[in-house]
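**Q** Read off the chains here:
2 protein chains.
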Amino acid sequence: MDDTADPPGSRRRIPPGRGSSRPRAQRAREVADVLRHQVVGGRFADGLLPDEHSLGRQFDASRNAVREALRLLRDEGLVTRRRGVGTSVVLPKYGHGLDRLAGLAETLAGHGTITNHVRSARVVTELPPAIAERLQVPPGAGAVHIERLRMLDDLPLSLDSTYLTADVGRGVLRGDLAGRDVFSLIEETADCLLGSAEVTVHAVNADPATAELLEVPAGAAVFAIERLTRLRDGRPVDAESIRIRADRLALHATLHRC
Amino acid sequence: MDDTADPPGSRRRIPPGRGSSRPRAQRAREVADVLRHQVVGGRFADGLLPDEHSLGRQFDASRNAVREALRLLRDEGLVTRRRGVGTSVVLPKYGHGLDRLAGLAETLAGHGTITNHVRSARVVTELPPAIAERLQVPPGAGAVHIERLRMLDDLPLSLDSTYLTADVGRGVLRGDLAGRDVFSLIEETADCLLGSAEVTVHAVNADPATAELLEVPAGAAVFAIERLTRLRDGRPVDAESIRIRADRLALHATLHRC
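Chains as they are written, first to last, in UniProt numbering: chain D, 1 to 258; chain B, 1 to 258.
Any given hint might turn out to be false.
What the hints assert, rightly or not - So the derived label-pair ranges between C-beta atoms look like this:
#, chain 1, residue 1, chain 2, residue 2, range
1, D, 184, B, 43, 46 to 52 Å
2, D, 85, B, 133, 54 to 60 Å
3, B, 140, D, 198, 42 to 48 Å
4, D, 42, B, 113, 28 to 34 Å
To be verified - Some chain D residues close to chain B (C-beta under 8 Å, calculated; not the full set):
#, residue
5, 33
6, 58
7, 100
8, 155
9, 190
10, 198
11, 201
12, 207
13, 216
14, 218
15, 222
16, 224
17, 250
Please keep in mind that the hints were generated in silico from the structure rather than gathered at the bench. Here the structure is a predicted model, which means the values were calculated and not measured. C-beta atoms are modelled at their ideal positions from N, C-alpha and C, and glycine is treated no differently.
Work out the full structure, taking the sequences as your base and the hints as a guide.
**A** Have a look at this one:
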C-alpha cells in the first residue's frame with residue numbers, strides 16, 4: 001500500500017519499509033505515540049482502549065505491533081492489561097500548559113483535588129551560594145525553603161522544592177501551604193502579581209529516594225524542572241526544582257513561527 | 001544554621017531539616033539540580049566541574065551528599081568521574097526553546113553540525129486512520145512519511161518521525177533531507193511561512209529499539225514529543241513524533257503571568 005520513494009540525500013541508506021512490513025518496533029512506537037497522545041487528550045472517557053483488532057485497523061499495524069505498543073504503554077505505567085477486560089488507562093494523564101505562568105493547582109482545577117504534604121518549611125539564615133546567585137541576593141540575606149509533595153486525588157504528582165527570598169518567603173510561610181499554590185501566596189504577600197518565569201525542562205530517571213516519594217519504580221522517567229520566577233519588576237523571588245511524575249502529566253504548548 | 005518554622009497546614013508532619021543534617025538524598029538532589037542547570041547554562045566552559053570540597057562549600061552540603069549528587073549526574077550520562085582528573089561534562093547539553101516554533105537545526109546553529117540519517121522517506125497512499133484524523137484529511141488522501149535520525153556532531157540527538165500531507169510532502173521529498181530542517185523545506189514547498197504548532201511533551205523510558213538508535217542505555221529517560229504544525233491558514237500539514245536524548249537537550253521557555 002505504499003509507494004517507495006528514494007530518500008534524497010540519505011547518508012545511510014536503509015530500504016524504506018512497505019506497509020505493515022515496516023520493522024515492528026517502528027510501527028509499535030508509532031502506535032504507542034498516538035495512543036499516548038489520545039490518553040492526554042481525554043479520548044478514552046470510559047478509560048477503556050479499543051481492542052487489539054480494532055487498533056490494528058486504525059493504525060494499519062499487525063497484531064504483534066499493536067501488542068508491543070500496548071506493552072510499551074504498560075511499562076510507562078499508563079495502561080494495564082487484563083485478560084477478558086482488555087486494556088484500560090491506569091490514571092488520567094493531564095496537560096500542564098507552558099503557554100502561561102500558572103501553578104499546578106490552578107492548571108488542574110476541575111480535574112481533581114490538589115493537596116500538599118509539607119516536608120519542609122523553614123527559614124534559612126545562610127543560603128547556599130549557588131542558590132543565592134540564582135536569586136541575586138548575598139548568601140547572608142537568607143531565604144525560606146519549602147518542600148512539598150503534591151498529591152492529586154491522594155496520589156503523588158510532584159515533589160516541589162523551592163527557595164523564596166526572605167521578604168516574600170516569610171509571608172508565604174504564614175499561608176495555607178497544604179492547600180494553595182505558592183504563586184498565589186507570593187502574590188498575596190507581595191501584594192503584586194508575578195511577572196514571568198524562566199523554565200528549563202529536563203527528563204531524568206528518578207533516583208531511588210525521589211521514586212519512593214513519588215511512588216514510581218526507581219529509574220522511571222520523570223520531569224525535572226527548574227523554574228525561576230520573578231515579580232513584575234523583574235526581581236527573582238522563587239527558585240524552584242520540581243520533579244513531576246511523567247505518567248500523570250504531560251507538558252503542552254502552542255508555538256508560533258513568528 | 002537554619003531556624004525551623006512550623007510548617008503550617010501540614011498533613012503529614014515531618015520535622016523540618018536543619019542545615020546539613022537534612023536527609024542526604026534531599027541535599028544530593030538539590031546539588032544535582034543546580035549543577036544540571038549550570039551545565040545547560042554553559043557554566044563549565046572547560047568542561048570541568050569544581051572539586052568535591054568546593055562544591056560542598058557552594059551548596060552547604062556534606063562530602064557524601066556531593067558525591068551522591070555527582071553519581072546521579074553520572075547515571076544521567078551528563079558527567080564522568082575519573083580519579084585524578086575530577087568530574088567533567090560528557091557532552092554539552094543545549095536548550096531548545098519552547099517560546100517560538102523552530103526546527104532543531106535552527107535552534108542549534110552555532111553549537112555544532114546537524115546531519116540526518118534518513119531512515120524512511122516514502123509516499124503512503126493510504127494513511128492510518130488515527131494519523132489522518134490528526135492531519136484532518138481522509139485516509140485515502142495519502143501522505144508522505146519521513147523518519148530521520150538526527151545527529152549533532154556525529155552523535156545521535158533525536159529520532160524524528162513525521163507524516164506530511166500529500167501536497168506539502170511531495171515537495172519536501174525532493175529537498176535536502178540530510179541537511180535541512182523539515183520546517184524550512186515545508187515553507188519552501190508551500191511558498192508560505194508556517195503558522196503555529198501544538199506541542200505535547202512527555203518523558204518516557206526509551207524502549208530497546210529506540211535506545212539502540214539513539215545510543216543510550218535501554219530505559220534511559222528521553223523526551224517523547226508530539227508536534228502538530230499548521231500553515232498560517234490553520235491547516236495542519238505535519239504530524240510529528242520526536243524522541244530526544246534528554247542528556248543532550250533540555251527544553252526552555254519564558255512564561256508570563258498574564
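**Q** Against each hint, give a clear statement of whether it holds in the structure.
**A** Hint by hint, here is what the structure shows:
Distance hint check for residue 184 (chain D) and residue 43 (chain B): the Cβ-Cβ separation is about 33 Å, which falls outside the suggested range of 46 to 52 Å. Between residue 85 (chain D) and residue 133 (chain B) the CB atoms are about 26 Å apart, so this pair departs from the stated range of 54 to 60 Å. In this structure the supplied range 42 to 48 Å holds for residue 140 (chain B) paired with residue 198 (chain D), their Cβ-Cβ distance being about 46 Å. Between residue 42 (chain D) and residue 113 (chain B), the C-beta spacing of about 41 Å breaks the proposed range 28 to 34 Å.
The beta carbon of residue 33 (chain D) is positioned within 8 Å of a beta carbon in chain B (closest approach about 4 Å), and the interface hint is therefore held. The criterion of a C-beta within 8 Å of any C-beta in chain B is met by residue 58 (chain D), whose closest approach is roughly 5 Å, and the hint holds. Interface restraint check for residue 100 (chain D): the shortest CB-CB distance to chain B comes to about 6 Å, inside 8 Å, so the restraint holds. Here the hint on residue 155 (chain D) is broken, as its CB sits about 14 Å from the closest CB of chain B, past 8 Å.
Annotation: residue 190 (chain D) was flagged as interfacial toward chain B, and the flag is violated, the nearest CB pair being 12 Å apart, outside 8 Å. For residue 198 (chain D), the interface hint holds, the least distance from its beta-carbon to any beta-carbon of chain B being 6 Å, beneath 8 Å. A distance limit of 8 Å between C-beta atoms decides the matter here; for residue 201 (chain D) the minimum to chain B is near 4 Å, and the interface restraint holds. With 8 Å as the threshold, the beta carbon of residue 207 (chain D) comes within range of chain B, its nearest partner Cβ sitting at about 5 Å, so the hint holds.
For residue 216 (chain D), the interface hint is violated, since its Cβ never comes within 8 Å of a Cβ in chain B; the closest pair sits about 11 Å apart. At about 11 Å, the closest approach between the beta carbon of residue 218 (chain D) and any beta carbon in chain B exceeds 8 Å, and the interface hint on this residue is violated. Nearest Cβ of chain B to the Cβ of residue 222 (chain D): about 6 Å, under the 8 Å cut. The hint holds. Interface restraint check for residue 224 (chain D): the shortest CB-CB distance to chain B comes to about 7 Å, inside 8 Å, so the restraint holds.
The restraint placing residue 250 (chain D) at the interface with chain B holds, with a minimum CB-CB distance near 5 Å, inside the 8 Å limit.
Checked against the numbered hints above, the structure breaks hints 1, 2, 4, 8, 9, 13, 14 and satisfies the rest.
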